[in-house]
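*Asks:* Sequence:
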Amino acid sequence: MITPRFTCSQTAESVIISIYCPSTRASDVEINVDGTLFSLHINPYFLRLNFTNALIEDDASSAQYDPSTGYLTVTLSKEIKGQEFKDLDLLAKLLAPRPTVQEPLFEVIASQSTAEDPDSLVSRAQNLSLYDKEISEAAENDWQLPQQVPPPEQPTLSVRAHYGFLDMHSGYFTNIVYTENEINELGAQIENLTPSERRQRRIQREDEKWDEEYYMADFADDDNIQELIQWTNPRVSDPDSFSFTDKENMMMLDMPRKECKPSIFQTVLLFAYAYDARTTRLDPTPESAWTICSLTPCFSALDPPPYDTEIKLSTLQLSVDEVSASLVPSYRRSLAFPLYRSYALAEKCRDDVANILLKGKRTIFRCLLEMKDILDNHEVYYVYSKIWLGDFCVWTQANARLVEHSTISSDTVNVFASNDILIQLGINVKDTLISKDSLGWDIEQLEAIVSQSQDNARREEDSDDE
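Residues in the sequence shown are numbered from 1 upward in steps of one, following full-length UniProt numbering.
You may find that some hints are simply not true.
Claimed, not checked - Only pairs whose alpha carbons sit at most 25 Å apart, straight line, appear in this in silico DSS-like list of lysine-lysine:
1. Lys-348 / Lys-386
2. Lys-361 / Lys-436
3. Lys-247 / Lys-361
4. Lys-430 / Lys-348
5. Lys-247 / Lys-386
6. Lys-209 / Lys-348
7. Lys-430 / Lys-209
8. Lys-361 / Lys-348
I should point out that these hints are in silico values taken from the structure, not numbers from a laboratory.
As the structure is a computational prediction, the values presented were derived from the model and not from experiment.
Using the sequences and the hints, build the whole thing.
*Replies:* Below, the structure is given as structure tokens:
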């Protein structure tokens, strides 16, 4: 556990505790007040303060978290109004554990044998209730976790990396080693790696996870995969005109109010959604959040497109070749990480992405809301919703007013605000051909080996029948 930086102040009525715990989820905060003892737990932070006077939680007490600064402000009422709390600036004293009561020492003048029947001692021990044992154990340990005053923040020469939608975020993974983030491929250095280093680690991780035998087994026995391929995605077959549900309307109201410049590359996020929707038949499972994050390079390695260095970020029109370059990492990851690893299934997911784009902004937005809801309800991967999907949903609803201050011409903005550019992108995605050679693995050779083996087996079977 980490002891966070904190300060304490007071008014005549209350004590104010300001705690620095960046990149945390306010809903996970656990606060307990027991007389003079205040404790707070929010993974990975733990803080226990022992004040000189008693505090209480009442209607005047509150806890407010500001995600922009990372500070949690807790206001607790004094049990006795107007009472002065001393030494609030002595942080080490506040962190000191509550003193334990010491048993008095006695001098033995004389002793008398008090030996008891061993059977009697056993019976008395057995009669101790579980509650008595817990009280005894708690009294002995007092459940005190070690704490120390956190050192002041030191200036560093390293440059903190920026990531997320249009590289607008940083600091969200400062304490990632204390979380169960299984998709992180960058390790503890995630906040300091350059974009080129992140991309290098992503490619290395994909090569490590690639399993030729796994792929050949799925290619040879693909009955389940063929059922997934034959399934029809309702988001593609539904009519273009529909009404958002009450839940979707509430999610829209909770969207951040911010301006973003257009970036057409973010549509590759839909590939991971299409894969999970097809493999779960649009009924998300507890593994859906992991699947979506693992198949999205923007999440697992903070490595967004473009993956072709000749493409400029300001581009609003993507050619078929540029779309192909953007989808190659998604194909690679779909063949290296999830349960079903099939090139044919990846092709079907690309077709789903194209059809979703062709249906326009409203359908895209509904799919993103479903994807966002999956991540928002995960205790670890919700962070990717904060730094990617929330902003992407705002971008999807973009209109001329959102980009009026950008350097893009008004004509381009009007085109972008309509569905035209998304429909054209959908056409290019549908026309895209992701060759097996472009994935960097010997897929065609492996498939040929499996096909040849199956042909030989069939010929041997026919020979036996004759």
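*Asks:* For this structure, which hints from the list above don't hold up?
*Replies:* 1, 2, 7
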